[in-house]
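Number of protein chains: 2
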Amino acid sequence: MSSGKILVAQGGGPTAVINQSLAGVVLEARRHHGVSLVYGAHHGVRGIVNEDLVDLTRETSHNLEMVAGTPASALGSTRDKPDLKYCQEIFQVLKAHAIEHFFYIGGNDSADTVRIVAEEAQKAAYPLRAIHIPKTIDNDLVGNDHTPGFPSAARFVAQAFAGANLDNAALPGVYVGVVMGRHAGFLTAASALGKKFPDDGPHLIYVPERVFEIDRFLADVKAMYDKHGRCVIAVSEGIHDAEGAPIITKLAADVEKDAHGNVQLSGSGALADLLCEEIKARLKIKRVRGDTFGYLQRSFVGCVSDVDAREAREVGEKAVQYAMWGEGSGSVAIRRTGFYSVDYELQPLSAVAGKTRTMEDEFISASGTDVTDQFRLYLRPLLGSGMPDAFRLRPNPVPKILKI
Amino acid sequence: MSSGKILVAQGGGPTAVINQSLAGVVLEARRHHGVSLVYGAHHGVRGIVNEDLVDLTRETSHNLEMVAGTPASALGSTRDKPDLKYCQEIFQVLKAHAIEHFFYIGGNDSADTVRIVAEEAQKAAYPLRAIHIPKTIDNDLVGNDHTPGFPSAARFVAQAFAGANLDNAALPGVYVGVVMGRHAGFLTAASALGKKFPDDGPHLIYVPERVFEIDRFLADVKAMYDKHGRCVIAVSEGIHDAEGAPIITKLAADVEKDAHGNVQLSGSGALADLLCEEIKARLKIKRVRGDTFGYLQRSFVGCVSDVDAREAREVGEKAVQYAMWGEGSGSVAIRRTGFYSVDYELQPLSAVAGKTRTMEDEFISASGTDVTDQFRLYLRPLLGSGMPDAFRLRPNPVPKILKI
Numbered sequence: 150m151s152s153g154k155i156l157v158a159q160g161g162g163p164t165a166v167i168n169q170s171l172a173g174v175v176l177e178a179r180r181h182h183g184v185s186l187v188y189g190a191h192h193g194v195r196g197i198v199n200e201d202l203v204d205l206t207r208e209t210s211h212n213l214e215m216v217a218g219t220p221a222s223a224l225g226s227t228r229d230k231p232d233l234k235y236c237q238e239i240f241q242v243l244k245a246h247a248i249e250h251f252f253y254i255g256g257n258d259s260a261d262t263v264r265i266v267a268e269e270a271q272k273a274a275y276p277l278r279a280i281h282i283p284k285t286i287d288n289d290l291v292g293n294d295h296t297p298g299f300p301s302a303a304r305f306v307a308q309a310f311a312g313a314n315l316d317n318a319a320l321p322g323v324y325v326g327v328v329m330g331r332h333a334g335f336l337t338a339a340s341a342l343g344k345k346f347p348d349d350g351p352h353l354i355y356v357p358e359r360v361f362e363i364d365r366f367l368a369d370v371k372a373m374y375d376k377h378g379r380c381v382i383a384v385s386e387g388i389h390d391a392e393g394a395p396i397i398t399k400l401a402a403d404v405e406k407d408a409h410g411n412v413q414l415s416g417s418g419a420l421a422d423l424l425c426e427e428i429k430a431r432l433k434i435k436r437v438r439g440d441t442f443g444y445l446q447r448s449f450v451g452c453v454s455d456v457d458a459r460e461a462r463e464v465g466e467k468a469v470q471y472a473m474w475g476e477g478s479g480s481v482a483i484r485r486t487g488f489y490s491v492d493y494e495l496q497p498l499s500a501v502a503g504k505t506r507t508m509e510d511e512f513i514s515a516s517g518t519d520v521t522d523q524f525r526l527y528l529r530p531l532l533g534s535g536m537p538d539a540f541r542l543r544p545n546p547v548p549k550i551l552k553i
Numbered sequence: 150m151s152s153g154k155i156l157v158a159q160g161g162g163p164t165a166v167i168n169q170s171l172a173g174v175v176l177e178a179r180r181h182h183g184v185s186l187v188y189g190a191h192h193g194v195r196g197i198v199n200e201d202l203v204d205l206t207r208e209t210s211h212n213l214e215m216v217a218g219t220p221a222s223a224l225g226s227t228r229d230k231p232d233l234k235y236c237q238e239i240f241q242v243l244k245a246h247a248i249e250h251f252f253y254i255g256g257n258d259s260a261d262t263v264r265i266v267a268e269e270a271q272k273a274a275y276p277l278r279a280i281h282i283p284k285t286i287d288n289d290l291v292g293n294d295h296t297p298g299f300p301s302a303a304r305f306v307a308q309a310f311a312g313a314n315l316d317n318a319a320l321p322g323v324y325v326g327v328v329m330g331r332h333a334g335f336l337t338a339a340s341a342l343g344k345k346f347p348d349d350g351p352h353l354i355y356v357p358e359r360v361f362e363i364d365r366f367l368a369d370v371k372a373m374y375d376k377h378g379r380c381v382i383a384v385s386e387g388i389h390d391a392e393g394a395p396i397i398t399k400l401a402a403d404v405e406k407d408a409h410g411n412v413q414l415s416g417s418g419a420l421a422d423l424l425c426e427e428i429k430a431r432l433k434i435k436r437v438r439g440d441t442f443g444y445l446q447r448s449f450v451g452c453v454s455d456v457d458a459r460e461a462r463e464v465g466e467k468a469v470q471y472a473m474w475g476e477g478s479g480s481v482a483i484r485r486t487g488f489y490s491v492d493y494e495l496q497p498l499s500a501v502a503g504k505t506r507t508m509e510d511e512f513i514s515a516s517g518t519d520v521t522d523q524f525r526l527y528l529r530p531l532l533g534s535g536m537p538d539a540f541r542l543r544p545n546p547v548p549k550i551l552k553i
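The listed protein sequences derive, respectively, from chains A and B.
When the first sequence is numbered by the numbering used here, its final residue is 553 and no position is left out of the sequence of numbers.
When the second sequence is numbered by the numbering used here, its final residue is 553 and no position is left out of the sequence of numbers.
FYI, nobody ran anything at the bench for these hints, they're computed from the structure.
Incorrect hints may appear among the rest.
Since the list gives no way to pick one copy over another, a pair counts as held whenever it fits inside one copy or between any two copies.
To be verified - Dumping the calculated SDA-like pairs for lysine to any residue here, alpha-carbon to alpha-carbon at most 20 angstroms: (1) 549 - 153; (2) 549 - 195; (3) 399 - 426; (4) 230 - 268; (5) 435 - 377; (6) 244 - 552; (7) 433 - 378; (8) 345 - 525; (9) 399 - 413; (10) 154 - 550; (11) 552 - 235; (12) 272 - 476; (13) 549 - 207; (14) 230 - 506.
Generate coordinates for the entire structure from the input sequences, incorporating the hints supplied.
So this is what it looks like as structure tokens:
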């Protein structure tokens, strides 16, 4: 007989819809008669080891619905990446509170944490069901058609580039927009969905799946600028040279590293500024502007894909159903079943944990600086309904009188 | 008897609703029986002197409506700031094409151009009606309650900070968001409208109307960080020291200047990066992130205030009515008449031209780092309907078992 106690937590970078998954877990769990208490941990695994827990059974359904529609992690998040000892501490807290169902909403690192905690429970013959619920704007979880959070961030990026293209057409020059994504270029590639007319930008897209060479880059920019009289460029923050060294490290002398030992890429405009300086200096183009989309792309309120919101809710609900009626621990995965429909399944934690998906080759054009129609077909339904559309005036030139 | 020929053009930085004003001019003008042809100039005054004109009479009403809903300047814009000789060239083109009504949608520099062109026409006894139609995200035109384009940009900034605050609460640290605005802090101050709960960010707001001192800034940040365990900061790109030198010049050795002789503030992440480095180095806070909102705040598609769109359309329509039925040239101005209602009037071009409005003292708190309720009352109705709202979980702590 289960203790009926559940714990849910949120890890890693927030998304626009991660609270949908939280609400999905809590509301679905409270529907089950076997569930007595639904706890949440503040700031992910850190809140678990510190026993910083809240009782979500006492939250109103109405407020949970309102929180579901609010971006960023309502329980708080963490960048901690637990090692074995940390995971053992997590397990000790779960045991002390008699929690038999643990749900962790996060990326591939979070899946790895869930995997280790589940193993610890098994070793101790403790009846724990541990379920990983996918979330990441990077779309880099294996075994998933896509991950909740990515579609809304992709929508932001597409809308941002649609606007940047219009702005650049009004005041021509070169525009560089730097998009999040360390290893996976999905989010940067989403910029292509902001294009409508054939000469619209982004005219060039650089993803971490391809080696970045500054000379090649400058030649690309020059060719586009000569052709269109302007150039809009989407660049992933994770672009790197042939040795795998991030381009950003070529600029910054003092580079910050995160808890995972990775070079800090976000929260600085340095990469965009570096690329703009190169273009100005070597191509002698005057009007060159760079923007780094930074945290806006994952936390802007009011840019959510309804498809993403719905699926993020469902992966939370499904997680509870797998835990209650299923056989064991695992990671909820989204499978595409039609154009456009999805279904869910529970995959083994080891299939997701610590692994990184990158853009499939068929999504990247032969030039390496554009996406394919296959990618457009893949991404468009995820962006949801009500995507803004751009229109332009048709050319009806007036004959010149003075300057003929 | 009028020639019935009209010319409209767009100058300065694009906005989310400047095409509403364009559509307002064209559709209203085509309604008047005295009007035979409606021309548009590509890229503002530059297109006029180059006779790069299009016949908007041949555009469909339907497409004009679609273009009206599209951000950025559909005719193209320019940063040219005409001197007397340039204005005389403009007048020669108007005369050659027998244009007797000239509409220029732009900021205070554009108003100045309209003023000089109108004077040239008067000197030549040429029957020109020249009307300036207000537009600027900076909200820095005198004689206007507010200017079209500002409300939508303000909405973007408010939504961006609402999201940044949630993200920062989930992963605590210091967040610096740099907002456009050289002399006027209205847009930066709009960040305050993203606040809901008393401890929400932005916790500090720095506008160009107050002198920026780095030591005072660091003390402010430390106090807020000590109080909340985090700090969200809105900074105007135009912040300057007591001598009026932009803070950005203290960092960048090689500063770009625009056609108006101003230091280039946008299109670079340098100011945010500088402030973040100072906070990291001197306050020893580890997680410090900076974003520069850049061109997103004026060109993002899908973040438009319906109030702004409506008013931008009306100033275009009113401009034509003033030209057709009024007494002379002028600048259309928005007056607030109630809570919330507006009306329009034509003010003399000299009242607007080349002048800059900054934030009124009663809009800035005594601390100099926050806005007043008067500002909230001023701005809220402009943001329009459907503003996203943020919700949070209520605290229901679970008693600790292990760590008591």
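Structure-based check of each hint:
In this assembly of identical chains, residue 549 and residue 153 lie within 20 angstroms of each other by CA distance solely across copies; the values are 18 angstroms between and 81 angstroms within a copy. For the identical chains of this complex, residue 549 and residue 195 are inter-copy neighbours only, at 14 angstroms across copies versus 71 angstroms inside a copy, given an alpha-carbon limit of 20 angstroms. Proximity of residue 399 to residue 426 under the C-alpha cut-off of 20 angstroms is found in both arrangements, the shortest distances being 13 angstroms within a copy and 18 angstroms between copies. For a Cα distance limit of 20 angstroms, the shortest separation of residue 230 from residue 268 inside one copy, 17 angstroms, qualifies, whereas the shortest one across copies, 69 angstroms, does not.
Taking the closest pair of Cα atoms, residue 435 and residue 377 come within 20 angstroms of each other only inside a single copy of the chain (15 angstroms); across copies the shortest separation is 44 angstroms, beyond that limit. When the C-alpha separation of residue 244 and residue 552 is checked against a cutoff of 20 angstroms, the pair qualifies only between copies, where the shortest distance is 14 angstroms, while the shortest distance within a copy is 85 angstroms. In the homo-oligomer, the alpha carbons of residue 433 and residue 378 lie at most 20 angstroms apart inside one protomer (13 angstroms), although the nearest pairing across protomers, at 46 angstroms, exceeds that limit. Taking the closest pair of Cα atoms, residue 345 and residue 525 come within 20 angstroms of each other only inside a single copy of the chain (12 angstroms); across copies the shortest separation is 38 angstroms, beyond that limit.
Proximity of residue 399 to residue 413 under the C-alpha cut-off of 20 angstroms is restricted to the intra-copy arrangement: shortest distance 13 angstroms within a copy versus 25 angstroms between copies. For the homomeric pair residue 154 and residue 550, the shortest alpha-carbon distance between copies (15 angstroms) is at most 20 angstroms, but the shortest distance inside one copy (82 angstroms) is not. For the homomeric pair residue 552 and residue 235, the shortest alpha-carbon distance between copies (15 angstroms) is at most 20 angstroms, but the shortest distance inside one copy (76 angstroms) is not. Only within a single protomer do residue 272 and residue 476 lie at most 20 angstroms apart by alpha-carbon distance; the minimum there is 17 angstroms, versus 90 angstroms between protomers.
Proximity of residue 549 to residue 207 under the C-alpha cut-off of 20 angstroms is restricted to the inter-copy arrangement: shortest distance 17 angstroms between copies versus 74 angstroms within a copy. For the identical chains of this complex, residue 230 and residue 506 are intra-copy neighbours only, at 19 angstroms inside a copy versus 51 angstroms across copies, given an alpha-carbon limit of 20 angstroms.
When held up to the earlier numbered hints, the structure conflicts with none and fits them all.
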